[in-house]
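Peer 1: Each chain is listed here by its residues.
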Amino acid sequence: MMTVEDWAVKIAEEVSPEEADLAPLWAEAFVKGGKDRQELFAQTNAQASGFLPGELMPMLPVILKALDFAASSILTILASEATGKFLEVVKNAISIGEVFGKGKGWFSSASAQKTEEPTASQVVYAKLNEVMAKLDKEVQSLGLDQAKCDRINLIVLRLLLENPPDATQFLDKLTKKK
Amino acid sequence: MNMVLNDFRQAPAGIPPWMWYWSIMFTLNLPALFGALYTSYEVLNAYISSTERIRSIDPQAERLSFLQYPGFFTENLPGIALFLGLFTILFPRLRAIYIERRNNLMPSPPIKPLAEIEEFVRLHTPGLEVKVNLKRPGRIWVYPNGYRRATVAVFSGFVMLWKSDREAAEAVLLHEIAHYRRGDALFMGPGSFLENAVKLTLLFYVLFVALPFILIAIDQKIQFIEPLKKMNAMNREISEIGKSVGLETQPAPSYIPQLVVSIFISIWGLLTTTAAFLVKTTASFVLPVACMWAAELNADYFVTNQPRYKAALLRELSKKNGKITW
Numbered sequence: 001m002m003t004v005e006d007w008a009v010k011i012a013e014e015v016s017p018e019e020a021d022l023a024p025l026w027a028e029a030f031v032k033g034g035k036d037r038q039e040l041f042a043q044t045n046a047q048a049s050g051f052l053p054g055e056l057m058p059m060l061p062v063i064l065k066a067l068d069f070a071a072s073s074i075l076t077i078l079a080s081e082a083t084g085k086f087l088e089v090v091k092n093a094i095s096i097g098e099v100f101g102k103g104k105g106w107f108s109s110a111s112a113q114k115t116e117e118p119t120a121s122q123v124v125y126a127k128l129n130e131v132m133a134k135l136d137k138e139v140q141s142l143g144l145d146q147a148k149c150d151r152i153n154l155i156v157l158r159l160l161l162e163n164p165p166d167a168t169q170f171l172d173k174l175t176k177k178k
Numbered sequence: 179m180n181m182v183l184n185d186f187r188q189a190p191a192g193i194p195p196w197m198w199y200w201s202i203m204f205t206l207n208l209p210a211l212f213g214a215l216y217t218s219y220e221v222l223n224a225y226i227s228s229t230e231r232i233r234s235i236d237p238q239a240e241r242l243s244f245l246q247y248p249g250f251f252t253e254n255l256p257g258i259a260l261f262l263g264l265f266t267i268l269f270p271r272l273r274a275i276y277i278e279r280r281n282n283l284m285p286s287p288p289i290k291p292l293a294e295i296e297e298f299v300r301l302h303t304p305g306l307e308v309k310v311n312l313k314r315p316g317r318i319w320v321y322p323n324g325y326r327r328a329t330v331a332v333f334s335g336f337v338m339l340w341k342s343d344r345e346a347a348e349a350v351l352l353h354e355i356a357h358y359r360r361g362d363a364l365f366m367g368p369g370s371f372l373e374n375a376v377k378l379t380l381l382f383y384v385l386f387v388a389l390p391f392i393l394i395a396i397d398q399k400i401q402f403i404e405p406l407k408k409m410n411a412m413n414r415e416i417s418e419i420g421k422s423v424g425l426e427t428q429p430a431p432s433y434i435p436q437l438v439v440s441i442f443i444s445i446w447g448l449l450t451t452t453a454a455f456l457v458k459t460t461a462s463f464v465l466p467v468a469c470m471w472a473a474e475l476n477a478d479y480f481v482t483n484q485p486r487y488k489a490a491l492l493r494e495l496s497k498k499n500g501k502i503t504w
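Protein chains in written order, with the numbering used here: chain X, 1 to 178; chain C, 179 to 504.
Among the clues, some could well be false.
Each computed DSSO-like pair below joins lysine-lysine, with the alpha-carbon atoms no more than 27 Å apart [as the list claims (entries may be wrong)]: (1) K173(X) with K10(X); (2) K91(X) with K137(X); (3) K408(C) with K421(C); (4) K176(X) with K35(X); (5) K341(C) with K10(X); (6) K176(X) with K65(X); (7) K91(X) with K134(X); (8) K309(C) with K32(X); (9) K341(C) with K148(X); (10) K290(C) with K10(X); (11) K65(X) with K32(X); (12) K290(C) with K35(X); (13) K341(C) with K65(X); (14) K290(C) with K32(X); (15) K127(X) with K148(X); (16) K377(C) with K35(X); (17) K134(X) with K85(X); (18) K35(X) with K309(C).
If you're looking for bench data, these hints aren't it; they were derived computationally from the structure.
The following block holds chain C by itself, in its conformation from the complex (with noise of 0.2 Å):
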């Protein structure tokens, strides 16, 4: 046992927990991210007053544009994202409830790969639970269930390799202990803050954007009809009158091609839009999605300092299928 535990003590420290250091960073810069926050807020008050003066006016007028009120903060978002998602970090438990009961994980039942694999885990580190669906196909993942624990989930493919290739599962499971002893298991993983600032990004976005945005443009539109309608009959009569005075009249426009110049031009405007949001968004994701990658080789790196597991570890990473995620 002490020789196993010697093994990774002795390990060299590898690379730093760039995660931990980059939460610290992102702390420090709250007040410009607040900063930014009130900048969008006033610009919003600005634009509310301008077009309650147009309203005073024509009160059928901008009659939707409240929809695009959360809008203003579209350059906030990523920034509010992580900053929401870091809350995870404060209460793992209740993250480690919610990831148990989306996933139905449960205590091992009395089968013999997973005392094995129990065994295994307290050998290297006792503070590590493991919990089980061997229902679900699937390798396993760590999860915190508190500031300084945290369980492994096991799924049924874990066990299958438990069984098929015993090296290149144990090499899995250290990667995963890897993870739990530098504490990486609070930023990562399912239900980690990551995933939920992506998330939550993409949800406010298309919520509040991209709908407002289609919402209003397709107001404008009809609103936009019955004038250009007027216009054209307006138009029409006033050629006939031309004519029958003996005047030559050009023929009145159609008001289709304007009306598909202006689809065509809030179509664009969405793209651009979108195009803009996904540029920030992920100006703003890169970092920490790298910090993540970070995390990963060094828990790549711990398995690999035993020899024994390096052949393992690099025979599972060749794998086809892989699904390389944060």
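Only chain X is shown next, with the shape it has when bound in the complex (with noise of 0.2 Å):
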């Protein structure tokens, strides 16, 4: 059974390798919540930075926020039957880069034609949408362009869905209240 410090490591591997080796002790400050969970959100010191300018934002604190944000949407993807049908969309908007840089309505093709029984597909479709539209309106925040936006939520779908059990205890411990 993997940790939320685990589940930390994996996705900052994915998305934003050179967080890897803090991943553990963000993701500790931030099921810590409280003032361990604001420091991962400080303002930087203007006054320290001195010639030194651009500051790299750190990924993984906001991905954690994004997924505490969507957490019952996902938790509602994880909990059906169609996992290997989410994981498939995902896989495939991910290798084709479809979605990528379109804003929201990212699978919009299919779940646009309404139809008074909506199909299986659709509601994957609907219910991936909702997703990405909750854990984008955290990933924004980066400052990342939209197409960089969709990668980072698309692959961190795709590490959830391919461990559903695994992943729902990780939401789970992330957005319990402390």
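Could you use the hints to bring the two separately framed chains together as a complex?
Peer 2: Here it is in structure tokens:
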């Protein structure tokens, strides 16, 4: 069974490898909450930068925040019987880059066709849309372009969907309020 | 190891340590600062005795004048702030305690990139300590923890840079090491005298000059309204009497335009005072700020003196969202 720290390392290795060493520390601080969590998002002391510009904004704390925000929607997907289908759609999206850079409504082509009885794939697309929109709300604060935000969200979703039981436990621990 | 140290030892001297020169000159000039302070004190005494004379006639007049007393030292403010700020140089250990508490800095945990960073620091400057806050975003800066000792504060952004662009990270670290070697840490960085001087000056101005000015102006307007209203009523009465005996009279003027003009004059007074204060403050701070910039350029010069770091430093400097501070 993977711990929250293990998950953080796994996500960091895929999304931002230079953060992997610090990932356990950040995950622990995030789960602790309070001042420890605030510290992850603290403003850098502007006085302190001297002549050296260009802040490197860590991605993982923002991703953890996004997961916390989108947890309820992600848990619905993880609990569904069609996780395989979700994973397939996400993997396809990553590999063909079809959804990248399109802004909100990533999986719109399939979910837009409204019929009285939505098909199984329309349900999948609609749910993924909802999750992507929620993740995007936080991830966009990184100031990256939309294509990069999409890619981060999809990679994180793929990791979670590859291991639903562990991912469920991870999200439960992550969202536990302290 | 020797090769690395020699690289530094063979580096040309660079820009002189202007900050030290400025501090010496400022200290030598302290009698003039205290002289100006005494003059302000005498002017304040003259003001107090004149208001006392006015108040002996009308006890309500100038009732808030005491709020203006600190404002008499506005001219001396930047000089006093720089003088007080220079005390941070005398107590580096206290400054270190304050900085470490404020930034939650602690010894490095056993993480590989931090071990590498510490090794790099040891190799170039054995006397420099490393403390970290790996939860907080940000880079690195150096602060003193003694007259000849300093600590480099490392934040998570720098560890990420160390992993993603080692050469650039080493260039940044060498920049800080250069500050330490030149003794700049005592003057610069968070909690340094200039940072404190600017903060103290602005805070003093707001609390003891701008705020009393506004309070006194409001008080004067409140005191002003009643007599104006009475005068207006009297004017109306006179006008009525004039009309009743068949005289042609002007309608009594409203007191509101007079009030508006007096408010405008007060605002104008505050604006001009603030502008004068800003000019004076800028004039006082421009030299130490220039000295600090010289120290920054010098630290860069140390790094670019080693050709393999030149491109890396330029790469870092050219990154967007740059904040150039003291």
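Peer 1: Run every hint past the structure and note whether it holds.
Peer 2: Okay, the hints, checked on the actual structure:
1. K173(X) with K10(X): Holds, because 16 Å separates the two Cα atoms, which is no more than 27 Å.
2. K91(X) with K137(X): 22 Å, holds
3. K408(C) with K421(C): Roughly 20 Å separates the two Cα atoms, so the pair holds.
4. K176(X) with K35(X): This hinted pair holds, its Cα atoms lying about 16 Å apart.
5. K341(C) with K10(X): 17 Å, holds
6. K176(X) with K65(X): Holds, at roughly 12 Å.
7. K91(X) with K134(X): 19 Å, holds
8. K309(C) with K32(X): Between K309(C) and K32(X) the Cα gap is close to 22 Å, so the pair holds against 27 Å.
9. K341(C) with K148(X): Roughly 20 Å separates the two Cα atoms, so the pair holds.
10. K290(C) with K10(X): It holds: about 18 Å lies between the C-alpha atoms, which stays within 27 Å.
11. K65(X) with K32(X): 13 Å, holds
12. K290(C) with K35(X): With a Cα-Cα distance of about 26 Å, the restraint between K290(C) and K35(X) holds, given a limit of 27 Å.
13. K341(C) with K65(X): 24 Å, holds
14. K290(C) with K32(X): Answer holds: K290(C) to K32(X) is near 24 Å, not above 27 Å.
15. K127(X) with K148(X): 21 Å, holds
16. K377(C) with K35(X): Status holds; Cα separation ~26 Å.
17. K134(X) with K85(X): Holds - the C-alpha atoms of K85(X) and K134(X) are around 20 Å apart, at most 27 Å.
18. K35(X) with K309(C): 19 Å, holds
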